[in-house]
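Student: For reference, the chains in residue letters:
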Amino acid sequence: MATDTRPLLSRVADSLYWMARYMERAENVARLLEVNLHLQLDLPLDGNQWQPVIDTCGESALFRKRYGEATQESVVAFLAQDRDYSNSITSCLFAARENARSVRDTISSEVWEHVNGIYLRVLKAYAQPPEDLSPEIFRDLRLAGHMFQGITDATMSHNEAWHFVRLGRQMERADKTSRLLDVKYFMLLPSATGVGTPYDDLLWSAVLKSASAFEMYRQCCGRISPREVVNFLVLDPDFPRSIRHSIHRAADSLDVIREGTVCDSVRMLSEVRQELDEMDVDVMIRSGLHEYLDRLQIRLNAVGAGLQRDFFALLSQSQTQTQSVGGE
Amino acid sequence: MLFEAYKTESFHDEMFLDDGTVRPEARLLLESLQSLEEGHLQRSQLAAERMLVQMGITFNVYGEAAGTERIFPFDLIPRIVPAAEWDRIERGLKQRIRALNAFIDDIYHDQKILKDKVIPEDVIRTAASYRPQVHGINPPGGVWCHITGTDLIRHGDGEIYVLEDNLRVPSGVSYVLENRDLMKRTFPEVFEGLRIRPVDEYPSHLLETLESVAPASCDREPVVVLLTPGMYNSAYFEHSFLAQKMGIPLVQGSDLSVEDGIVWMQTTKGPRRVDVIYRRIDDDFLDPNVFRADSLLGVRGIVDAYRLGNVTLANAPGNGVADDKVVYAYVPDMIKYYEGEDAIIPNVPTYLCWRDADRQHVLQNLDKLVVKAANESGGYGMLIGPHSSKAEQDDFADRIRNNPRNYIAQPTLALSRVPTLVGDRLEGRHVDLRPYVLYGKDLEVLPGGLTRVALRKGSLVVNSSQGGGSKDTWVLAGGVNGN
Chain A
1 MATDTRPLLS
11 RVADSLYWMA
21 RYMERAENVA
31 RLLEVNLHLQ
41 LDLPLDGNQW
51 QPVIDTCGES
61 ALFRKRYGEA
71 TQESVVAFLA
81 QDRDYSNSIT
91 SCLFAARENA
101 RSVRDTISSE
111 VWEHVNGIYL
121 RVLKAYAQPP
131 EDLSPEIFRD
141 LRLAGHMFQG
151 ITDATMSHNE
161 AWHFVRLGRQ
171 MERADKTSRL
181 LDVKYFMLLP
191 SATGVGTPYD
201 DLLWSAVLKS
211 ASAFEMYRQC
221 CGRISPREVV
231 NFLVLDPDFP
241 RSIRHSIHRA
251 ADSLDVIREG
261 TVCDSVRMLS
271 EVRQELDEMD
281 VDVMIRSGLH
291 EYLDRLQIRL
301 NAVGAGLQRD
311 FFALLSQSQT
321 QTQSVGGE
Chain B
1 MLFEAYKTES
11 FHDEMFLDDG
21 TVRPEARLLL
31 ESLQSLEEGH
41 LQRSQLAAER
51 MLVQMGITFN
61 VYGEAAGTER
71 IFPFDLIPRI
81 VPAAEWDRIE
91 RGLKQRIRAL
101 NAFIDDIYHD
111 QKILKDKVIP
121 EDVIRTAASY
131 RPQVHGINPP
141 GGVWCHITGT
151 DLIRHGDGEI
161 YVLEDNLRVP
171 SGVSYVLENR
181 DLMKRTFPEV
191 FEGLRIRPVD
201 EYPSHLLETL
211 ESVAPASCDR
221 EPVVVLLTPG
231 MYNSAYFEHS
241 FLAQKMGIPL
251 VQGSDLSVED
261 GIVWMQTTKG
271 PRRVDVIYRR
281 IDDDFLDPNV
291 FRADSLLGVR
301 GIVDAYRLGN
311 VTLANAPGNG
321 VADDKVVYAY
331 VPDMIKYYEG
341 EDAIIPNVPT
351 YLCWRDADRQ
361 HVLQNLDKLV
371 VKAANESGGY
381 GMLIGPHSSK
391 AEQDDFADRI
401 RNNPRNYIAQ
411 PTLALSRVPT
421 LVGDRLEGRH
431 VDLRPYVLYG
441 KDLEVLPGGL
451 TRVALRKGSL
461 VVNSSQGGGS
471 KDTWVLAGGV
481 NGN
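Quick note, the sequences are listed as chains A and B, same order. Counting from 1, position 93 in the first sequence corresponds to residue 93 in the numbering used here; the numbering is continuous, with no gaps. Counting from 1, position 162 in the second sequence corresponds to residue 162 in the numbering used here; the numbering is continuous, with no gaps.
Incorrect hints may appear among the rest.
Said to hold, decoys possible - Computed beta-carbon distance windows for the label pairs:
{"hint": "1", "chain 1": "B", "residue 1": "Gly-467", "chain 2": "A", "residue 2": "Gly-260", "range": "32 to 40 Å"}
{"hint": "2", "chain 1": "B", "residue 1": "Arg-456", "chain 2": "A", "residue 2": "Asn-301", "range": "36 to 44 Å"}
{"hint": "3", "chain 1": "B", "residue 1": "Arg-195", "chain 2": "A", "residue 2": "Thr-261", "range": "52 to 60 Å"}
{"hint": "4", "chain 1": "B", "residue 1": "Ala-293", "chain 2": "A", "residue 2": "Leu-120", "range": "52 to 60 Å"}
{"hint": "5", "chain 1": "B", "residue 1": "Ala-414", "chain 2": "A", "residue 2": "Ala-313", "range": "55 to 63 Å"}
{"hint": "6", "chain 1": "B", "residue 1": "Asp-200", "chain 2": "A", "residue 2": "Arg-6", "range": "16 to 24 Å"}
{"hint": "7", "chain 1": "A", "residue 1": "Ser-86", "chain 2": "B", "residue 2": "Arg-292", "range": "30 to 38 Å"}
{"hint": "8", "chain 1": "B", "residue 1": "Thr-126", "chain 2": "A", "residue 2": "Lys-124", "range": "50 to 58 Å"}
{"hint": "9", "chain 1": "B", "residue 1": "Arg-195", "chain 2": "A", "residue 2": "Leu-120", "range": "56 to 64 Å"}
{"hint": "10", "chain 1": "A", "residue 1": "Cys-220", "chain 2": "B", "residue 2": "Glu-192", "range": "43 to 51 Å"}
{"hint": "11", "chain 1": "A", "residue 1": "Leu-62", "chain 2": "B", "residue 2": "Asp-200", "range": "37 to 45 Å"}
Stated by the list, open to error - Cross-link-like lysine to any residue pairs, in silico, SDA-like; alpha carbons within 20 Å at most:
{"hint": "12", "chain 1": "B", "residue 1": "Lys-245", "chain 2": "A", "residue 2": "Ser-109"}
{"hint": "13", "chain 1": "B", "residue 1": "Lys-269", "chain 2": "A", "residue 2": "Lys-124"}
{"hint": "14", "chain 1": "B", "residue 1": "Lys-441", "chain 2": "B", "residue 2": "Lys-269"}
{"hint": "15", "chain 1": "B", "residue 1": "Lys-269", "chain 2": "A", "residue 2": "Arg-309"}
{"hint": "16", "chain 1": "A", "residue 1": "Lys-124", "chain 2": "B", "residue 2": "Glu-49"}
{"hint": "17", "chain 1": "B", "residue 1": "Lys-269", "chain 2": "A", "residue 2": "His-245"}
{"hint": "18", "chain 1": "B", "residue 1": "Lys-245", "chain 2": "A", "residue 2": "Glu-113"}
{"hint": "19", "chain 1": "B", "residue 1": "Lys-245", "chain 2": "A", "residue 2": "Ser-157"}
{"hint": "20", "chain 1": "B", "residue 1": "Lys-269", "chain 2": "A", "residue 2": "Ser-109"}
{"hint": "21", "chain 1": "B", "residue 1": "Lys-184", "chain 2": "A", "residue 2": "Glu-113"}
{"hint": "22", "chain 1": "B", "residue 1": "Lys-245", "chain 2": "A", "residue 2": "Arg-6"}
{"hint": "23", "chain 1": "A", "residue 1": "Lys-124", "chain 2": "B", "residue 2": "Leu-52"}
{"hint": "24", "chain 1": "B", "residue 1": "Lys-269", "chain 2": "A", "residue 2": "Asp-252"}
{"hint": "25", "chain 1": "B", "residue 1": "Lys-269", "chain 2": "A", "residue 2": "His-158"}
{"hint": "26", "chain 1": "B", "residue 1": "Lys-269", "chain 2": "A", "residue 2": "Ser-157"}
{"hint": "27", "chain 1": "B", "residue 1": "Lys-441", "chain 2": "B", "residue 2": "Arg-300"}
{"hint": "28", "chain 1": "A", "residue 1": "Lys-124", "chain 2": "B", "residue 2": "Arg-27"}
{"hint": "29", "chain 1": "A", "residue 1": "Lys-124", "chain 2": "B", "residue 2": "Met-55"}
{"hint": "30", "chain 1": "B", "residue 1": "Lys-269", "chain 2": "B", "residue 2": "Lys-245"}
{"hint": "31", "chain 1": "A", "residue 1": "Lys-124", "chain 2": "B", "residue 2": "Arg-50"}
{"hint": "32", "chain 1": "A", "residue 1": "Lys-124", "chain 2": "B", "residue 2": "Gln-54"}
{"hint": "33", "chain 1": "B", "residue 1": "Lys-269", "chain 2": "A", "residue 2": "Glu-113"}
{"hint": "34", "chain 1": "B", "residue 1": "Lys-245", "chain 2": "A", "residue 2": "Ser-108"}
{"hint": "35", "chain 1": "A", "residue 1": "Lys-124", "chain 2": "B", "residue 2": "Met-51"}
{"hint": "36", "chain 1": "B", "residue 1": "Lys-269", "chain 2": "A", "residue 2": "Cys-263"}
{"hint": "37", "chain 1": "B", "residue 1": "Lys-245", "chain 2": "B", "residue 2": "Asp-200"}
These aren't lab readings, by the way, just hints derived from the structure by calculation. All residues carry an ideal CB built from backbone N, CA and C; glycine is no exception.
Let's have the full structure, built from the sequences with the hints guiding it.
Tutor: Here it is in structure tokens:
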């Protein structure tokens, strides 16, 4: 329970939430690229796995228009470096840094220096053409994402501001895991029902790795099976990137923020939580995983809109303007 | 050797006497600099600059893309002020700001000083920064200038002069604190044996000052906020830095609203009342109802709330009248008038172009004088005669003839110099000094201030927007090393 009485500005809460979402988003894109660069080395020559990466991000149309065919170079250029694409790693880090900069008085210096540092590092690494880009940078980014969580946890009081950071992180995680699973399941399904090929295991392992879930899955479920993978990534109560776990943490934070009173976003999020608690994986798959995940994403979006109304509203036009005044 | 070829070149040097021997207050510093192994200073300098980038201690340059802020260059060789000299500066600043505060209060009330013909009425009426909108307002405790950053320079005669008063929204104090921090981190060995007065307490003193001027009607712990134009303002780093160090909310205009003469900020738990606003937005943009109607940065109705005594604005709107460079020329008269004393720190001799005789002199000596627009700051609207072309002089001659009220001229000052790292050796570079003064229940001078340095060889312009950098300023404590 937060004990501080210092009021938190709506604008600041909004920026904290989005700072965390963008950091998480950058990390997820980096992991997706890193996993796929590795996967590529194990696949037969005709097994191009770059188009599915674009599909996972939900950007097929935009990508085709701008880059044409999905190759390693074009996908890396688009998802990692493209400043005109708002969800590229560069754009996400830029947005995370701008949000962090606007709340420098609220976050700890350590948090700001970390976000600033990774932004500057990535900018430097990206100064070269995509084919020369070392995959190391994606590993760095993944670690930077983990450090971001560690630094926010270790240097900020776990007060209302911190809970907005955690809320943003968990909402983004739930959304990303559901997208990853949605696309991959759809693609892999035909062979999943038939006799497995050697590549099925490889591809499902890649799905798990894309959520940093491979090792923890092995510990709890052993052999790779689509049903178990779905169960693990959606309904596992303990794995930090499962949808259910993320929603639980998000709802916990929202409860603290709201101090027991009910509003739209609180009500919607606790409904999602309860449904996940009661869901059975076989029912989910039988009635259509895609339909289920689609409905979940729509509901998470509705929670986001609820947060806007309940906490962040009253943002005015002046937030983004750049008029130059003040100072001697 | 760092100092092998060092020359004071007929300028007043803050570290060396004219004959090249070190000033007593700088002897220990010189010894520790000389004992450094070769390349150490350069490495420390690079480390300091890297740290500034990493820590995001930067300023925005208008017209450059977002995410590309620049650092304010920092030079590791500090400027030293001995205790006795500081004592005089401190007394001089307190005297001056007391008088300026009395002047502003008088101008927006009875205007006795005009009636007594100490200052011509015309000067005030024509000052672009005079704000008749705040006439009759009584800020708590009668304090208008809560935070001042006075620019001081030392001329070739060794005397310290006041160059500008900066009573509106002076910036730069965050660099004073960060420079000291940076020095300690990158160059701890030079502190040894010296008793340097700390600057770290500034944020808590600033907060105390702000709390002490809360409206009389405020019967609980006052809610203090810092109002910034936003993160694209050139001084945004400082705004966030001070808010963070004071532990108060950093707000933008869009976070505040005024209802029934009371200022509220929008929080996640609904509106909260605000009592004191340390505003870092210029008067013009503060309230579209009262000042510039097209401002999107300010808060509609905030001046009304201030007039009603429901909120305190620091600094008070209207202070700019005393920053006018023609009004500046009268400050020694104000000190005499309100304090009954002679000014402890003198003004730079100033020619007022609206006086016929002065104007004639200025027009005939444009190649020797520094001409300034009366209402500009930041080193803009300025002609430095000896460094100017004939065409620039002609341009200023026209401007002066067209609008004599708007121009003043001063002799070109031989600003004192401090050794500064240039490549692998030290050279003298010109500096000024901006100490910061707080005025709440009482006056308080931060021991130190921002030493700005013109990094370009021979340049006299120290502004960050025009090639200036900064140095740490060491005010020595009285006693063994200080005298």
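Student: Take the hints in turn and mark each one as holding or not.
Tutor: Against the structure, the hints:
One distance hint, 32 to 40 Å for the beta-carbon pair Gly-467/B and Gly-260/A, is violated here, with the actual separation near 57 Å. Taking 36 to 44 Å as the suggested C-beta distance range, the pair Arg-456/B and Asn-301/A does not conform, at roughly 55 Å. Distance hint check: the CB atoms of Arg-195/B and Thr-261/A are about 56 Å apart, consistent with the given range 52 to 60 Å. Distance hint check for Ala-293/B and Leu-120/A: the Cβ-Cβ separation is about 40 Å, which falls outside the suggested range of 52 to 60 Å.
Between Ala-414/B and Ala-313/A the Cβ separation comes to about 58 Å, which falls inside the hinted range of 55 to 63 Å. Against the hinted window of 16 to 24 Å, the Cβ-Cβ separation of Asp-200/B and Arg-6/A comes to about 22 Å, which satisfies the hint. Between Ser-86/A and Arg-292/B the beta carbon distance is about 34 Å. The supplied range of 30 to 38 Å therefore holds. At about 53 Å, the beta-carbon gap between Thr-126/B and Lys-124/A stays in the expected band of 50 to 58 Å.
Checked against the hint of 56 to 64 Å, the pair Arg-195/B and Leu-120/A fails, with Cβ atoms roughly 38 Å apart. Judged by the Cβ atoms, the range 43 to 51 Å given for Cys-220/A and Glu-192/B is violated: they are separated by roughly 59 Å. Evaluation of the 37 to 45 Å hint for Leu-62/A and Asp-200/B yields a failure: the beta carbon distance comes to about 51 Å. Restraint check for Lys-245/B and Ser-109/A: the C-alpha separation of about 10 Å stays at or below 20 Å, so the hint holds.
Proximity of Lys-269/B to Lys-124/A is assessed by CA-CA distance (about 41 Å); at most 20 Å being required, the pair is judged violated. Restraint check for Lys-441/B and Lys-269/B: not satisfied, since their Cα atoms lie roughly 33 Å apart, outside the 20 Å limit. Pair hint Lys-269/B plus Arg-309/A holds up; C-alpha atoms about 12 Å apart against a cutoff of 20 Å. Taking the CA atoms of Lys-124/A and Glu-49/B, the gap is about 17 Å. The hint holds against a cut of 20 Å.
Restraint check for Lys-269/B and His-245/A: not satisfied, since their Cα atoms lie roughly 27 Å apart, outside the 20 Å limit. Taking the CA atoms of Lys-245/B and Glu-113/A, the gap is about 16 Å. The hint holds against a cut of 20 Å. Between Lys-245/B and Ser-157/A, the direct Cα distance comes to roughly 16 Å. Compliance with the 20 Å bound is thereby established for this hinted pair. Among the hinted pairs, Lys-269/B with Ser-109/A is inconsistent with the structure: their alpha-carbon atoms are about 26 Å apart, more than 20 Å.
The hinted pair formed by Lys-184/B and Glu-113/A meets the criterion: a straight-line CA distance of about 19 Å does not exceed 20 Å. Restraint check for Lys-245/B and Arg-6/A: the C-alpha separation of about 15 Å stays at or below 20 Å, so the hint holds. This hinted pair checks out: Lys-124/A and Leu-52/B have alpha carbons roughly 17 Å apart, not beyond 20 Å. Of the pairs offered as hints, the one joining Lys-269/B and Asp-252/A holds, with about 18 Å between alpha carbons and a cut-off of 20 Å not exceeded.
Restraint check for Lys-269/B and His-158/A: satisfied, since their Cα atoms lie roughly 17 Å apart, inside the 20 Å limit. Using a Cα cut-off of 20 Å, the hinted pair Lys-269/B and Ser-157/A holds, with the two alpha carbons roughly 19 Å apart. Our distance criterion of 20 Å between C-alpha atoms is broken by Lys-441/B and Arg-300/B, whose separation comes to about 29 Å. A hinted pair counts as satisfied when its Cα atoms are at most 20 Å apart, and Lys-124/A with Arg-27/B does not qualify at roughly 43 Å.
With a CA separation close to 17 Å, the supplied pair Lys-124/A and Met-55/B stays within the 20 Å bound. Of the pairs offered as hints, the one joining Lys-269/B and Lys-245/B is violated, with about 24 Å between alpha carbons and a cut-off of 20 Å exceeded. Using a Cα cut-off of 20 Å, the hinted pair Lys-124/A and Arg-50/B holds, with the two alpha carbons roughly 14 Å apart. Distance hint between Lys-124/A and Gln-54/B is fulfilled; the C-alpha atoms sit about 13 Å from each other, no more than 20 Å.
For a cut-off of 20 Å, the pair hint linking Lys-269/B to Glu-113/A is broken: about 29 Å separates their Cα positions. With a C-alpha separation of about 11 Å, the suggested pairing of Lys-245/B with Ser-108/A holds against the 20 Å cut-off. Our distance criterion of 20 Å between C-alpha atoms is met by Lys-124/A and Met-51/B, whose separation comes to about 16 Å. Pair hint Lys-269/B plus Cys-263/A holds up; C-alpha atoms about 12 Å apart against a cutoff of 20 Å.
Taking the CA atoms of Lys-245/B and Asp-200/B, the gap is near 10 Å; set against the 20 Å cutoff, the hint holds.
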